[in-house]
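Novice: Heads up: the protein sequence lines correspond to chains A and B, in order.
Just so we're aligned: 9 in the numbering used here is position 9 of the first sequence, and the numbers increase by one with no gaps anywhere.
Just so we're aligned: 16 in the numbering used here is position 16 of the second sequence, and the numbers increase by one with no gaps anywhere.
The hints are simulated quantities; they were obtained by calculation from the structure and are not laboratory data.
Glycine included, C-beta positions come from ideal geometry on N, C-alpha and C.
Cβ-Cβ distance ranges computed for the label pairs, FRET-style: (1) Gly64/B <-> Pro23/A: 34 to 40 Å; (2) Ala14/A <-> Tyr55/B: 35 to 41 Å; (3) Arg86/B <-> Ala112/A: 31 to 37 Å.
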Amino acid sequence: MKQFSQAEMERQLAALIGPVGEPVSMAVEFGAVRRMAVAVDDFDPIRYDEAAARKRGFRGIVAPWPLLWSYFFNCTEYHLDIAFGRATVHGQDDYEFHEPLIVGDVITVATAITAARLKQGRTGPLGQVEAERRFTNQFGQLCAVLKTTLFRR
Amino acid sequence: MFKVDMVEPPVVYFEDLSEGHEFPPVTKGPMMVGHQVRWAGACDNYESEFHHDEYVAKAAGLPGILLSGPFMASILLTTTTKWLGRDARLVRFFDQNRGATMPRDTAIMKGRVKRKYEEGGNAFVELELSITNQRGEVTTPGSALAVMPRRGA
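Could you put the whole structure together from the sequences, leaning on the hints where they help?
Specialist: Structure representation (structure tokens):
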């Protein structure tokens, strides 16, 4: 494996900071909502039944928040272009929730790398990269912000 | 089609919770590869082969298949929404992917009210969360912030 100096690793990380690709839009589909709700054992009727969701004051069937991960994998570039290290590890997630995702909505996801720094890990240099994804609906309302921290070692 | 038995969550009020209150722990599992595959389907993401193929996982130097960190965090998030009841609004959720969950591991979800307060006309509860495995190891520490309904409002 090629060895990099600390300055080279820092340069690679700094180059990541900024927007990643163009914003991407995808509709909230009932099948996707149902599959995610079943996967995470969410049996609240608002995930399956429009009448139940409306009775609770929602515009329609409400997606469980973990559906954000479907957008993460389908609408955003999540591979990092880092030459040093062997593996990228998912470290932590920080979610902010605003407007619910409703079946029939069109969600636009914008991704940016907001911070990237080199730290000293237990076994050597460790790249810490923070990515932010902002999810907005067709009304321009912010639905959620998902901040993930990845480690490159 | 998997038959879903829908369950309407109860209403939990701000007044029902006190600082230090511990929610009844919820045990999931044993977690199996099938859970992970269902998650992969819900995310429409099959790229991370080490999450469902033991040969690939071991070839990458892992002890075996690892269940996805965001999946484990998502079942903790879902459990949290059940604890807080149907009229609570989750505002923030945080999780750390500290330890691996492997097939046949048990995941015990725990939650505790760390703080409750009122601000800007809203009633907030701040929770400490965790997933512990059958060996007592905390694999996923986390936290959440929610706005709770007021009794009589």
